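Colleague: Here is what each chain is made of, one letter per residue.
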Amino acid sequence: MKAGKIFRFIAALAVAIVAPIATFAQDATINGLAPGIINDQRYNRAIHIMAMLLVGFGFLMVFVRRYGRSALTATFLLVSTALPLYLFTRGTNLFGIVNNEIDRLIFAEFAAASLLIAAGAVLGRLKMPQYILLGLLFVPFYMFNEWIVLGGGFGLIDTNAVVDTGGSIVIHAFGAIFGLGVALTMRTKQEYEMSLETDATSDRYSMLGSMMLWIFWPSFCAALVTPAQMPHTVVNVIMALCGSTLTTYIFSVSLRKKISIADIANAALAGGVAIGSTCANASFGEAIIIGILAGGISTLGFAVIQSRQQKWMKLIDTCGVTNLHGLPGIFGGLVALPIIHGLALSSQLLGIAITIVVAFAAGMVTGKVLPIMGRKTEVYEDADEFLDVDAAA
Amino acid sequence: MKAGKIFRFIAALAVAIVAPIATFAQDATINGLAPGIINDQRYNRAIHIMAMLLVGFGFLMVFVRRYGRSALTATFLLVSTALPLYLFTRGTNLFGIVNNEIDRLIFAEFAAASLLIAAGAVLGRLKMPQYILLGLLFVPFYMFNEWIVLGGGFGLIDTNAVVDTGGSIVIHAFGAIFGLGVALTMRTKQEYEMSLETDATSDRYSMLGSMMLWIFWPSFCAALVTPAQMPHTVVNVIMALCGSTLTTYIFSVSLRKKISIADIANAALAGGVAIGSTCANASFGEAIIIGILAGGISTLGFAVIQSRQQKWMKLIDTCGVTNLHGLPGIFGGLVALPIIHGLALSSQLLGIAITIVVAFAAGMVTGKVLPIMGRKTEVYEDADEFLDVDAAA
Amino acid sequence: MKAGKIFRFIAALAVAIVAPIATFAQDATINGLAPGIINDQRYNRAIHIMAMLLVGFGFLMVFVRRYGRSALTATFLLVSTALPLYLFTRGTNLFGIVNNEIDRLIFAEFAAASLLIAAGAVLGRLKMPQYILLGLLFVPFYMFNEWIVLGGGFGLIDTNAVVDTGGSIVIHAFGAIFGLGVALTMRTKQEYEMSLETDATSDRYSMLGSMMLWIFWPSFCAALVTPAQMPHTVVNVIMALCGSTLTTYIFSVSLRKKISIADIANAALAGGVAIGSTCANASFGEAIIIGILAGGISTLGFAVIQSRQQKWMKLIDTCGVTNLHGLPGIFGGLVALPIIHGLALSSQLLGIAITIVVAFAAGMVTGKVLPIMGRKTEVYEDADEFLDVDAAA
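Residue numbers (the numbering used here), protein chains in the order written: chain A, 1 to 393; chain B, 394 to 786; chain C, 787 to 1179.
Think of the hints as simulated: they come from the structure by calculation, not from any bench.
It should be emphasised that the depicted structure is a prediction, and the values quoted were computed from it without experimental measurement.
Errors might be hidden in some of the hints.
To be verified - The list that follows gives simulated cross-link-like pairs (lysine to any residue, SDA-like), each with its CA atoms no further than 20 Å apart:
hint, chain 1, residue 1, chain 2, residue 2
1, B, Lys520, A, Ile250
2, C, Lys1044, A, Arg187
3, C, Lys1162, C, Phe927
4, A, Lys258, B, Ala776
What the hints assert, rightly or not - Per label pair, the in silico range of CB-to-CB distance:
hint, chain 1, residue 1, chain 2, residue 2, range
5, A, Gly32, C, Thr945, 31 to 41 Å
6, A, Asp384, B, Arg458, 43 to 53 Å
7, B, Arg768, A, Ile340, 39 to 49 Å
8, A, Thr92, C, Lys1162, 58 to 68 Å
Note that CB positions come from ideal geometry on N, CA and C, so glycine has one too.
Isolated chain A, as found in the complex (with noise of 0.2 Å):
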């Protein structure tokens, strides 16, 4: 019987994987559009999302201090795991058919940056090969939870009912509590107490990184919506981005007096994670709006929350991943309920709550496991790790 079981789960496993895939080779003659051009148009996307995975959050995360070149390494090697393993997962399916190749990418590129997300709660507490080995656990459970809250895994949700084309809740909201559980259970008494220093000559790296991600996050959003749907889709992401980008300033002087550029590289992309969920269905006002709040609830997180939230957990989150993505990913999620007309409550809340589970207990088990290949009590440096490194850099 149990044997039956776990053959019963791997063939519904099987499926889920097939079925998305099938979905997409379909999605191809949408609006009567040839293959060959459907594929370049995700094609040109694919690579605007490969700029903000490297360039945008490589950058974002260059303000550690003595840390620039260890998070640049670090992202390359978070892609460069990530990428592979998804598609050569993803590719255990029957269906050999060509279009299928850019969609797999931009799967396995949405994998990636939910990594690079939950990575950012930890960076700098981890040395070069724990963030290969992050990755390698990162992503089954990652596509574990992709396919529960989206692909109809276990029956739990029925396939299309949870809304979220742009990823508030799988990639965001995913990313940023899976690393909250890896930085609580791997969290040390030094480390806590020593707070990473940021580095005050990396801030325009910090917003070349920020501005990498504005740019290309309407094809983040748009990737794999249909060509009836883009233009809507792409000006909604555009009119979020600049509410939150506007708000984050007028948040930022309000609570601190003077501007945090770190708020605004951060915060002002708030409105991009928010408007994940809906970006297909708001209008231009409610995509202005939704910006705008999300935009406020960040910035209010980086200045207020996140120091209460440290002492409270007695956890250092490096890049503030829950005022970034966490809360405005969650928010997105919940959005979608007054927005969209016919959405099922019952399943975009038992998605957003299943993501949240999944990802914080997949967090806890991997920061259990990461500690296998050491564990340093304090934070590192770039000097630990590379050679000829001006300690002053």
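Given the coordinates of chain A, assemble chains B and C onto it according to the supplied hints.
Modeller: Structure of chains B and C alone, referenced to chain A:
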């Protein structure tokens, strides 16, 4: 009677806003390509232009000493103000066709580009909320000029009589002259005497901004041309940029004995500015010659004219927008006369003249309004408005 | 008789120049897609390649101490010399079909990429006007080799017999070996004894350049493949890059004890170089293995071979182009033999051999010509040619 005039003005304004949108809805079937294809082609160029707006203009302006964070944050705020304002204003038309959303986005980006040029003239002499106010004031004036020169507003110039595909006149010259108007009105004795210092360590950031503008310039000029015109337009823009880049080096070395990296970062782009009006029409040979001449004019501007202009007009043009966008923009508008067969001489000249007058008057009005939010007589530094800024950085 | 031979040579040259253009005009209808669609697909890749040329190669070369401004300006000049020269030379054909303009642009960008590789070998030992002269000399030699190896020139190798989709042989290996030829001819005792210093604070700029190359590499390799081949080609390139990125980290740490950030920035790209010949044909598994091997070869080159090569050949290869483009390029050309079924063994080997000979000979000739514009026996610094350069920056 007066109410009737106002009504007719409002009606004409409404038609002018609606007309170009309707035109582009027609464009969508030019060359027999489906809307889903045309939209996507234009979407990619819209994203390229976004990269120009944020990383391009933003990093090009990082050269001002101790003002890098402010320049980047101002860029974020200017773009986030201009895009929704333009999109909502343009959205006040009767046609809800899907195609229009991407075209409207591109028009909004053009407005944001022109605004960033204008802001370049007064960079370092506004505080953050004033950049937002600048954006709010600039966009209606910009749309007003666009309506008169390209949209047949007031019946002064026939629609399509002025040739300005890539915006030499209505984007570049308008922005530069508007900025000059603001700078002239807001000038103080103190700021003129205390000239802006440049920051040697930021050279490479400026080169990054410059290269991003260079790379994506073909998409700026070809954003709304027909698929049949695109290839020739694109190669023309590249020819012009190559021409101005080579000449900038030669002129910089000849006029100054050694190369000024600021000349390279700026004047290399003058070919892109000047080819704007004729990019779809010039031959390759004409395009490279336009680039060569524009690079020469612009470098001469930076190396020789700028210091005289400052003495004569008693003003500071922080980023030298007169030399990069003003002179090459007007040159680009004029060079259309010998190059484009059948061009209406009087319309083209009238379009240039109106743009100069409207931009300068609007800039002066704006320069009177901006100080209501306060006025510092000296230049700003990051430390004035930003937290935790290392004085040396 | 001799005049007859020359005439026939010129005629053959003309045909060779015309032939590939005609081929691409046919390509435009492959997969039944209209020219307006194919052109736009290729245009987007052309812009991606432009980002590689300027920001990619440019910033990757910023690592040389006190030579950042020069490296970026040289990049601008090299690109602005190569593109019009190639475009005008290629334009000397009888077919004025619109389609060709974008394809011609992509070919010109390939030539510019190869030129930038060649310049990398002698970076820091030419003054600015010599980079322009280098470009003027390089392009005809490059086109000559392209014509022989791919275009059936002199009837030595059948057209299409050599498989080199993404240019492992004719772009990467050619550029590297040409550069080596120049460096060998121009070497001076002083510069060899005074090895180039790297600039620790520029690491992050180099990583920016490296990431830009990584991100857009799929567009480089897939620029001219058919729409049907594109998805597989693209994923193969990403697989190879992930493979080389991971191996580079492992080899760098193993061979040097600590990570060298220069290894990461450079050798991580070796997978892209090596997959060039087989990117449209390899399986995903083969692609990642090619990447892994190329990353290993390249890191071994940087960590072990480079210092021995310098002693043995008494030359400095500034950017280590031998290790990044030379060895992985030749490896990529050779690995096509076991992977591509039905490949003509002798043609592929002959193509590689001819490329090596032509590149080296042409490089040596160029190395003899360049010093007519003067020769400094020591390495250059920004302050030699640029105004207002802070000696410490």
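Colleague: Report the numbers of all earlier hints that the structure fails to satisfy, in ascending order.
Modeller: Result: hints 2, 3 and 6 break, sorted rising.
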